[in-house]
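**Q** Chain by chain, the residues run as shown.
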Amino acid sequence: MKTAVIVFPASNCDRDAAMALEKVTGRKAEMIWHRETEIPADIDFVVLPGGFSYGDYLRCGAIASRSPIVRDLIDKAEKGLPVAGFCNGFQILAETGLLPGALMRNKGLKFVCRNQKLTITNKNTRFTRRYKDVESVTFPIAHHDGNYFASDEVIRRLEKDGRVLFKYDGNPNGSKSDIAGICNEKGNVFGMMPHPERAIDAQHGGTDGLEFFKSIIESI
Amino acid sequence: MKAIVHIGLKPGVLDPQGRAIARSLNDLGFDSVKGARQGKVIELDLNGEDRTQAEADVTAMCEKLLANLVIESYRIDIED
Amino acid sequence: MKAIVHIGLKPGVLDPQGRAIARSLNDLGFDSVKGARQGKVIELDLNGEDRTQAEADVTAMCEKLLANLVIESYRIDIED
Amino acid sequence: MTKTEKITPDVVAEHGLSESEYQIILDRLEREPNLNELGIFSVMWSEHCSYKSSRRHLAKFLTSGEKVIQGPGENAGVIDIGDGDCIIFKMESHNHPSYIEPYQGAATGVGGIMRDVFTMGARPIALMNALRFGEPDHPKTRSLIDGVVAGIGGYGNCVGVPTVGGETNFHKGYNGNILVNAMCVGHARTDKVFYSAASGVGNPIFYVGSKTGRDGIHGATMASAEFDDDSEEKRPTVQVGDPFTEKLLIEACMELMATDAIIAIQDMGAAGLTSSSVEMADKGGVGIELNLDNVPQREENMTPYEMMLSESQERMLMVLVPGKEHLAYEVFEKWELDVAEIGKTTDTGRLVLKHKRKIVCDIPIAPLADDAPNYDRPYIASEKRDVINAADIAQPDDFNLVLKQLISCPDIASKRWIWEQYDRHVMANTMDSSQSGGDAAVVRIHGTKKAVAISTDVTPRYCFADPVEGGRQCVMETWRNLTCVGADPIAITDCLNFGNPERPEIMGQLVGCIEGMNEACHALNYPVVSGNVSLYNETNGTAIPPTPAVGGVGLIPDSQYLTAISGAKDGDTLLLIGNMTGWLGASLYLREIEGREDGAPPPVNFDEEIRNGNYVRKLIRLRRINAVHDCSDGGLALAVAELCLSSNTGAVITKPHDDIPLHAHLFGEDQGRYVLAVEPNSVNPIISTAEGLKVPVRKIGTIGGDNFTMKDVFKISMNSLRHSHENWLPEYMKGDAK
Ligand SMILES: Nc1ncnc2c1ncn2[C@@H]1O[C@H](COP(=O)(O)OP(=O)(O)O)[C@@H](O)[C@H]1O
Ligand SMILES: [Mg+2]
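Residue numbers (our numbering), protein chains in the order written: chain A, 1 to 220; chain B, 1 to 80; chain C, 1 to 80; chain D, 1 to 738.
No wet-lab data here; the hints were simulated from the structure.
A virtual CB, placed ideally from N, CA and C, is assigned to each residue, including glycine.
Hints should not be assumed to be uniformly reliable.
Estimated spans, in silico, between C-beta atoms of each pair [to be verified]:
(1) D:Asn-374 / B:Glu-79: 55 to 61 Å
(2) A:Glu-153 / D:His-723: 38 to 44 Å
(3) C:Glu-63 / A:Ser-219: 56 to 62 Å
Cβ-to-Cβ under 8 Å is the rule here; a few derived chain C residues that face chain A [said to hold, decoys possible]:
(4) Pro-16
(5) Gln-17
(6) Ala-20
(7) Ile-21
(8) Ser-24
(9) Leu-28
Working from the sequences, and respecting the hints, build out all of it.
**A** Here it is in structure tokens:
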């Protein structure tokens, strides 16, 4: 089981993501620099970490989504490689088109950092299946642009296909339909604004995020 | 050459920034303001002399990077 | 009436955003791009018919709220 | 400007130099300076860089101790936390820039203080901010808060360093001069600490980071000039920060520091290239020659004057080991930052600048730094105030109302609106932060069981009432707050914000506060390892209240022992540690309820404080305490109310049987006190051990229920208290924008 974290200039949750992966897999995650052109073939799961890649200039995640490594990531994800993006990582995935929709400025126009309760809306996925007996989790959120937007048509389809995995309990940013996390059609690419990787330790943020990582790792 | 790219939200996409601006202006006593929208302008300095080429290039830049077509539309002006 | 307010950084003020955009365009193979600057446009819907009045009002809005005069300058276009 | 421009008395005055200071320059140079040289003297001799009014008084501070690796004099202080780990920290002001351009002023303040810390080899792990705004009704206050908070968050969040705590006060004394003090705490390995002293001759000097533009030229002199109504015209000197570049700069510096290429390194802070090069040369006793043509420039036709005085952000200067230059190029090019060799160290002891093949500056370095003016400004001590007898202050009719007023008054009301805009969790090591409303923030040292506790404090009310007593108290309060989370307090940094030192009464406040602080440092063995002075905080002749902000840092050897304000459980017994006299002078109660700001402040008794604090810390380590909070603003009643709010429960406190008036009992601000929530079966052992240690302890009530109650005196629902506490700031900020 080999995992990797992609590091962009001004990623700042890369270490947190790597710690979470190591905790669950028992093995150090590989850190891949954005200038690389290829994700090694033996990598089983890739995380796009949170942060402010390229200063969030132009649009959050926009410049990162056009970087060399992400071009290869798109290819591999389309062929089924499991990928998860948290916060800035979700914004990048939306910018690539691997996930539908866009993340806009929070409705309140302010950065918001809090412990956010989330309802798990589909437990039948590679990313959530270990939450069997759990209805909701609390993950930290910390973002300025987490307001999920997609056309009504897209939202309807996401809901119908069970591709909305997490919803906010008390919408912090104006996201349509309270959407916090979604996956692609194949179910191998997942993105969410909250930070499960900051919820793997009782001393810091709680442990609600552990089952998320265990779910996806087990599924591989 | 210079290209000016205007990028704005598509109609129907909620614009919280625009709305906040209009409200603040009303609060400041500017009652004539009925609504506001915020967009961005990107000014590019370009090498080369060929207008048609420039237009084609900048269109490609918009499609590939500058605009997010899920929520934004764009308009290009080329100046000499 | 409509007012279009263009707001940009004053010359000499650091524009990290513009720099990042230009660099990314170069990376994508758009070699003709020498530089980029990003500004914003605010489009205001206004009541009333009086152009001069509108111009004065929008200038006041810029000075009071829309532009940060420490680092930004602005330009106003009024359209009917 | 060209260097042929004549140096007239006006030009000298524009540079903020007095006639006598100019005379010294003439004597030292034995000729007239050119404009570049004058500019360099002017920034180096500004209050901001030379500490000319405060230096002799700062020299009195206790600055050494068993755990001190580096005291004041470097970019930041360094303390030992064992196992080869050290903590590097400092606090700095960005008051004037934040008043002029709140977003950028505050943002660049955060950026600047971080550079002071990572320049020494430390990875920044926590940020704090101490803010003072004018009264809420003042027309500028709201937009200043909005901009400052957005700026602090905008910078810290992007760089990815958690902003874990701070303090926010409001007072009309800050109407025209807000205070924005930022603190950064970093972690390094003791054998990988970097210093700024250049050494050797012929070693290459490297410039890295952002390009130099015309930003903030004369920023350092602006920060030392009093404000008047024309200040708006000084606007173009404001710098713009780029946190993205800062983040890259941190990573790149860390990467280069892991090699053995660096001899010395120094950030370019106030007075940019000038102060960084002069300080490096001066500390190392070498000369420096720079070729300004090689300085990476953002704008065309920059003059030597502009390059030397620019305060463009996110830049560093380094002296490298000859032959290792390629390492710098590799690392900084990888991170897409500018990197250039711009000069060499020399043995001349002079600062020589070349531009377009001409020498545009050639001055000896010693007078610039070491021999900078050092004034013994006249001062008069503040007049002592009378002690207020609590019995002379009328008892309120309605204690419920008083509680509500205090819990929602601007200084006490929840600052959630502020700290929710700060990423408090990034780096995944935050164990306690603003979120709990507790006394100190706690951040774990990555990969260890150790954690550092951080607290910033000062009570300007007390410092204004009695600078010496207020000085003692602010140091003491950080010590107490660190104790509340079970940390061993180690050392402090400070940021001394005062008015115009040329006025003897202001100078008296500065000298008095330093004296009081220093007494506390000695009594507590709690040295000062870094700090900053911000003077001339006045508008139209009115000075701010004396505000010596203190940032304390302590160590929790095993983070499992962490105790916080939020752990109280229903059924716990409430204990009060410490003596009680019902001190209402200079209290929050007196100001908020009686509208009076008079009276002597509560005195600090160091022996009692140490006994009480050490006992609390011991109980925490024995895991005898579920929750703890010290009594500060608003006294016992507010301490219990805050503890209940944080723990999400209520409390019943008992009516005392002593002759202290009830309102003084509840709201008096006697120092050295802690409220503890403990399991009922711990009560007797705690009390009996305390007796032997001469620590006063009494039972004051019980935790639990939905109300905060004192029988026959008040009963208020926790919901209503919470509502009052939480709502003031968001409601206030909803008011008219700008
Ligand atoms: N500007 C700020 N930034 C971050 N946290 C803040 C700020 N102002 C206040 N806080 C937080 O609010 C809480 C209460 O602050 P304060 O009343 O100053 O505490 P204390 O009196 O115990 O020192 C603390 O947890 C503090 O960290
Ligand atoms: Mg406290």
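**Q** Find the hints from earlier in the document that the structure breaks and name them by number, from lowest to highest.
**A** none
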